[in-house]
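Those sequence lines, one after another, are chains A and B. When we follow numbering that gives the first Met the number 0, the leftmost residue of the first sequence carries the number 0, and every step to the right adds one. When we follow numbering that gives the first Met the number 0, the leftmost residue of the second sequence carries the number 0, and every step to the right adds one.
Keep in mind that the hints were calculated from the coordinates and are not lab data. Treat the hints with caution; some may be incorrect.
What the hints assert, rightly or not - Here are the simulated DSBU-like pairs of lysine-lysine, each with C-alpha atoms no more than 30 Å apart in a straight line: (1) K299/B - K281/B; (2) K43/A - K94/A; (3) K145/A - K365/B; (4) K349/A - K273/A; (5) K94/A - K292/B; (6) K136/B - K145/A; (7) K277/B - K43/A; (8) K292/B - K145/A; (9) K105/B - K248/A; (10) K94/A - K277/B; (11) K94/A - K281/B.
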Amino acid sequence: MMFRIDRDVLAEAVAWTARSLPARPSVPVLAGMRLEVTEDQRLKLSGFDYEVSAEVTLDLQTGEAGVVLVSGKLLAEITRALPAQPVELVVDGAKAVVTCGSARFTLLTMPVEDYPSLPAMPPAAGRVGSDVFASAVGQVAVAAGKDDTLPMLTGVRMEIDGDTVTLAATDRYRLAVRELKWQPEQPGFQAVAMIPGRTLADTAKALGGSGAEVEIALSSAGGTGEGMIGFSSSGRRTTTRLLDPEFPKYRSLLPTEFSARADLSTGSFVEAVKRVALVAERNTPVRLAFRGGEVVLEAGSGDEAQAVEALPVDFDGDEINIAFNHQFLLEGLGAIDSDIARLQFTTPTKPAILTAGKPVDEGANEDYRYLIMPIRLSS
Amino acid sequence: MTVYGDLIGQDRAIGVLRRAASAAAEAVAGGRGAGMTHAWLFTGPPGSGRSTAAKAFAAALLCPEQGCGHCDACHQVEVGSHPDVTFVRPEGLSYGVRQTRELVLKAAGAPTLGRWRVVLFEDADRVTEQAANALLKAIEEPPPRTVWLLCAPSADDMIITIRSRCRVVTLGTPSTEAVANVLATRDGVPHDVALDAARAAQGDVGRARRLALDEETRRRRAEVLSIPRSLTGVAECITAAERLVKTSTEDADAATTALNEVETAELRRVYGEGSTGKGLNKGLVRGGAGALKELETMQKSRATRIKRDSLDLALLELMAFYRDVLAMQFGASVELANEDRRHEVETVARASTPEDTLRRTEAIMKCRERLAANVHPQIAVEAMTLALRSSGVVHRG
Ligand SMILES: [Zn+2]
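The shape of chain A in the complex, shown without the other chains:
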């Protein structure tokens, strides 16, 4: 096997594939990156950590078909430092020789027959812009639980109904829901998938930024490749093993009627919460008192240092005193992607909804909703 390729193209592909290699491989071959030159002159680089597989396909001018497995870490280190000249890799017995300009490396190869079979890609289900997808995933993944005791709370639920994709995640203290449009392959396509949150966020980030479209591959119930979801864009593809699709019935949690609405400048609100929270222990609440035209933020109590600050607010409805975990509030404000933040309330003990604020006459923008549970105040 051999191939010759542009240095930047190779280095970028190797770096991208190496991201999915396990940090602590349970067997040494998993530290390997599989390089295959196909008969039709393509180079496929793949990595696998059992949960996620990544594969890049590149076109070649020069190549001889074959497969080799080399240490992914080593290959990534080497390709990063190569001079800007064509790179050639030739397999010679148990070694792979990389030459580039005057640089020459000899890499030990690993037994390719021991390498695990990569999961099959499910059938293509539809397409969405990679940037829209990356931002939507970012908005929702923020609410997925980080501690791994209940699988359903670590995942992002993806519901597909025709041309609408709904993403949702919750760690039981907040719930983020985002709706977006996509182009399904079949007009009436329906599917539900639970994707590990951290993996989805990484994948969306890794495929985003190119402006290209992301193809999502997912089988409807009972189809081939069930239990897997695939994402591909510009010659890069990943597969991820799905979690059990069980998820809280979240739609009923989203209030539809409110007793009050507050619109604030997102930037000043974030700054004020941060300053006030400085005195608060981790996980202690920030208290908010909304009155006509003003919100008073307060944290700390008793012997603790106290902080108080006031902000102007466009407020409509019944006055309310409510408290939130400041970290969850800040994460929500970071996710709405708007200069104006809108909070809507029912009672001080029921969840509030955070959305992007808009001038009232434009109607509500409900593509993204961040539900946050208040902390009960002892009076």
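With chain A held as given, fit chain B with the ligand onto it using these hints.
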């Protein structure tokens, strides 16, 4: 050779597993799959092949031909890289609840390659009580395509709630003849040497192979078995205890070193050792030092366990010696584990009573218990050698 080829003298168990694997294949094909179970417990004495059997069954579940032994699936299970098999080997003395929860999470969800998701848990008896409860929950309500294969010396080693939810596969002790036959045909060991090794290893194929092929292993065994006749005085008992602890430590060190060397070399190669080029001659690439350190931590914890196991093995050999003595005292015509030391067995049998022998085996059991309870090895073993020495008459006096 099918995947069951490494199981010696376990025809009954193989029959059970074959039937279950074909039921499993039926379930994969969309059928009822009656006869397939989601939780299994493989039990049997050391060396009978608990984990070998579990591994063979894992391959049979994942192979399109139910364990052909030569396809990609069979090969990947064999080398430990199959994406749908999670191998769990508690390297320390126990396995905690946090690790177990992570494991349960990993075991949930659909199989990557579409057949089954298998967790092969060696030494499952090492789970802590809390961990066992976490495990129980997973076994009670397994996802449709998840299969748990637990291995433990005996069913009693698992808490009853887990045991009662598992189908138990009991592996018997293979006959001396069967083990000797394997050594003779696969390893080219002369038949009489193979027989001695097989008897001495009492059904443990791996141990028999080491005894037959490794001079050092034989020397250490001879050292252990020289103890009964060396216990002539108190000072000698103390020296014998020292010798026993030292010998088993050497044995453990040898085993540890062999394992460590392979792993360390493999890891170093991942980080650049053996590869050449600019920058690669200055040592490992980024991340290498950290990864090596992590490996060393794991190896240290494993070494502690191996040391304990090795001393226990030496005690079991002593135990087998006194069992032979007892058999001779009762005139039972059974095969002696120490057939190659018949003369020594006879000498001890004549010089003591069956009561002495029983008391001595109890002393050995007591020593094993104390070691398991973390008593310092030298102290526990000294107490044992002193007890082995004293004759019943003195004791009763
Ligand atoms: Zn097979």
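To see whether the hints hold, each was checked on the structure:
Among the hinted pairs, K299/B with K281/B is consistent with the structure: their alpha-carbon atoms are about 27 Å apart, no more than 30 Å. Under the criterion of a C-alpha separation no larger than 30 Å, the hint pairing K43/A with K94/A is consistent with the structure, at around 19 Å. Under the criterion of a C-alpha separation no larger than 30 Å, the hint pairing K145/A with K365/B is inconsistent with the structure, at around 47 Å. Taking the CA atoms of K349/A and K273/A, the gap is about 24 Å. The hint holds against a cut of 30 Å.
Taken as a hint, the K94/A and K292/B pair is honoured in the structure, with Cα atoms around 27 Å apart against an allowance of 30 Å. Pair hint K136/B plus K145/A holds up; C-alpha atoms about 22 Å apart against a cutoff of 30 Å. At roughly 26 Å between alpha-carbon atoms, K277/B and K43/A fall within 30 Å of each other, so this suggested pair holds. Simply put, K292/B and K145/A have alpha-carbon atoms about 27 Å apart, close enough for the 30 Å limit, and the pair holds.
In summary, the hint linking K105/B to K248/A is supported, as the alpha carbons are separated by about 24 Å, within the 30 Å threshold. A distance of roughly 16 Å separates the Cα atoms of K94/A and K277/B; the hinted pair therefore holds under the 30 Å criterion. Proximity of K94/A to K281/B is assessed by CA-CA distance (about 20 Å); at most 30 Å being required, the pair is judged to hold.
Hint 3 from the earlier list is the only one contradicted by this structure; the remaining hints agree with it.
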